[in-house]
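Colleague: Here is how the chains run, residue by residue.
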Amino acid sequence: MSLIAETFKNLEKKGQRALVGFVTAGDPDYEKSLAVMEAMLEGGCDILEVGIPFSDPTADGPVIQASSQRALAAGMNLTKALGMVKSLKEHYSAPIVLFSYYNPILAYGGRQLYEDALAVGADGLLVVDLPFEEAGELTGKWPGKDLDLILLVAPTTPKERMEQIALNASGFIYLVSMTGVTGSAGLDLEQVTQTANTLKSVTDIPIAVGFGISTPEHVAAVSKVAQGIVVGSAFERIIEENQNAPDLPGIIRQYAKTLKAAALKP
Amino acid sequence: MNPTESRQHDSMPNQRGYFGSFGGRYVAETLMPAILELEAAYEKARKDASFQEELSHLLKNYAGRPTPLYFAKNLTEQAGGARIYLKREDLAHTGAHKINNTLGQALLARHMGKKKVIAETGAGQHGVATATAAALLGMECTVFMGVEDVARQEPNVKRMELLGAKVVPVPSGTGTLKDAMNEAMRYWVGAVQDTYYVIGSVAGPHPYPMMVRDFQQIIGIEAREQVLKAEGRLADMLVACVGGGSNAMGLFYPFRDDPVEMVGVEAGGTGVPDGKHAATLCAGSVGVLHGSKSYLLQTPDGQIQEAHSISAGLDYPGVGPEHSYFKELNRARYVWVLDDAVLKAFHLLARTEGILPALESSHALAWAVEQAGRMDRDKILIVNLSGRGDKDLGIVLSQKGRQQ
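Chains as they are written, first to last, in my numbering: chain Z, 260 to 525; chain V, 28 to 431.
Misleading hints may appear alongside valid ones.
What the hints assert, rightly or not - Quick list of in silico lysine-lysine cross-link-like pairs, BS3-like style, CA-CA up to 27 Å:
| no. | chain 1 | residue 1 | chain 2 | residue 2 |
| --- | --- | --- | --- | --- |
| 1 | V | LYS185 | V | LYS143 |
| 2 | V | LYS406 | V | LYS371 |
| 3 | V | LYS371 | Z | LYS418 |
| 4 | V | LYS141 | Z | LYS418 |
| 5 | Z | LYS400 | V | LYS354 |
| 6 | Z | LYS524 | Z | LYS345 |
| 7 | V | LYS141 | V | LYS193 |
| 8 | V | LYS141 | V | LYS185 |
| 9 | Z | LYS291 | Z | LYS345 |
Claimed, not checked - These stretches of chain V come out as covered by chain Z in the derived footprint (C-beta under 8 Å, 3 or more residues):
| no. | region |
| --- | --- |
| 10 | 55-66 |
| 11 | 271-279 |
| 12 | 329-343 |
Unchecked claim - Just a few of them, taken from the derived set where beta-carbon distance is under 8 Å, the chain Z residues facing chain V:
| no. | residue |
| --- | --- |
| 13 | MET260 |
| 14 | LEU262 |
| 15 | ASP315 |
| 16 | ASN336 |
| 17 | ASN362 |
| 18 | PRO363 |
| 19 | THR416 |
| 20 | GLY439 |
| 21 | ILE510 |
| 22 | GLN513 |
The hints are simulated quantities; they were obtained by calculation from the structure and are not laboratory data. Don't be surprised by glycine CBs; every beta carbon is placed ideally from N, CA and C.
Please put together the full structure from these sequences, using the hints given.
Modeller: What follows is the structure in structure tokens.
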């Protein structure tokens with residue numbers, strides 16, 4: 260069983276939900292970003308999504324666009340992000356998922372990334388603009404299946420398509436809570452519940468819901484319908500507002516703690 | 028004639044939207060169902076006689092097709108070689124070839140029951156053409172345009188607004204076509220259930236590159252018939268500018284099985300490879316942007332590089348996947364010309380033929396005039412005059428001042 264699958268199983272036993280924290284690698288710079296990631300893990304993130312910044316993030320709202328720009332301006336790239344994963348894995352056991360657009364992966368090389376990601380201890384990979392139809396060209400280059408491929412399901416995804424996605428996914432399925440880009444407001448719990456229930460009817464793979472989640476109240480509400488809750492833009496907003504604050508990691512740690520406290524199985 | 032009917036077999040793209048190894052559907056899951064729905068709707072419309080009749084009717088009576096294939100006698104004399112014909116897309120309604128595609132897509136949107144359309148635009152020609160089709164068919168239209176382009180193509184911004192469209196200036200990145208397309212895709216992710224995205228080039232995820240090519244191939248179908256009628260034979264060479272590549276593919280595609288040379292002219296900007304340019308096929312490498320795999324201008328890390336061109340319509344770091352395929356097959360060759368040569372070609376056509384060409388089309392002219400001079404006088408060359416230059420007066424006049 261993969262570390263991601265095991266993590267969901269263990270949390271389930273403890274009556275908890277998985278808090279999945281997303282952060283752009285290298286925002287605002289390498290050192291501060293590493294400290295932020297450590298703070299997220301110490302604060303209670305059960306799984307960390309390390310975002311590889313991309314110049315043209317077409318699925319992201321203004322907050323993650325800005326974070327990507329800061330990270331790129333500070334010289335972040337996939338190789339350096341893998342270095343950050345390596346540093347984290349020396350001290351933390353939580354699963355780490357690399358989160359990227361496809362083009363930086365193509366430039367790096369699909370097989371090379373598989374090998375290097377495993378070498379630094381990464382557990383999964385999510386590629387925003389690689390639907391399952393196209394994912395074969397990436398996973399076909401992989402010599403094994405030791406890296407979980409996290410796929411997405413959206414509110415627009417019909418049930419038959421969910422079945423196909425589930426067949427190709429491993430680790431967890433990322434359920435996008437709304438039709439919109441990251442950082443959008445307006446979490447619609449009724450609709451999330453409906454989509455999550457449809458998805459649950461076709462797969463046993465754990466579901467983590469993301470987009471539009473920023474408060475402990477959101478986390479508690481989503482905990483009723485899914486095994487995991489993804490928070491991304493909210494962390495990035497804190498980084499943006501406190502990038503020069505001496506205690507940025509402390510603020511992040513405290514925020515993660517309040518979210519984690521609400522991530523309970525009802 | 029059926030405007031989207033192919034003269035011969037249609038083997039490309041394959042069912043997954045690939046032209047050889049280029050193309051595909053690299054989009055967020057939220058958009059996948061919409062793209063699959065669009066593909067199904069388009070396949071149906073393609074075979075639907077009433078849809079094709081309605082489109083043919085509009086192209087003829089509304090857009091003014093067929094556009095002339097004009098023998099440019101003065102320009103030919105000036106070049107001193109091959110006979111230069113101009114395919115006068117500048118005479119189509121709204122002043123560019125873009126209307127061929129927007130009428131097709133807007134009709135398709137209506138067939139799909141969508142009442143709102145969005146578009147990206149660089150030079151503003153696609154935006155104007157989309158706003159026009161939307162006004163005609165009674166649809167709500169929003170156009171995304173980079174702030175840099177809003178400034179340098181202001182007349183087209185006003186035109187779009189007069190046509191009832193909302194123009195959204197996009198400040199991110201370099202404020203050009205790429206950024207407009209990013210923002211259109213972001214907006215579409217949020218509005219996909221009731222909004223149709225009218226992509227303006229042979230780019231984007233499948234089925235857009237195929238569909239836009241099909242709607243634009245009327246250019247080549249007409250040109251082929253017209254040159255046969257005028258000269259009793261096919262042309263020796265076709266020349267068109269390439270940004271995303273829709274006017275070039277529209278001209279080239281119906282000639283693809285003919286012994287006719289095809290040349291796509293990219294924006295060399297201030298120099299290739301060391302200056303700032305948009306010569307994607309000449310100086311780029313393969314990657315994924317805006318939903319398809321094709322040549323791109325990118326860093327070794329896979330970050331998209333800023334493009335540059337004096338013409339907003341070519342100022343784009345990507346290119347349609349079928350052009351990448353044509354390049355790989357050596358079916359077409361791709362070259363570039365510098366901004367300075369483009370301006371000279373603009374003035375040359377104005378003075379010799381009394382036609383103000385768009386700066387985009389002036390790229391094709393610049394290369395074609397040079398080339399014609401090296402060809403025998405019995406050779407025939409067709410240049411796609413993809414648009415008119417009224418929108419570019421500000422740029423041309425300011426550059427003239429600078430040169431003096």
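Colleague: Can you name, in rising order, the numbers of the hints this structure does not satisfy?
Modeller: The structure breaks hints 3, 6, 11, 13, 14, 21, 22; every other hint is satisfied.
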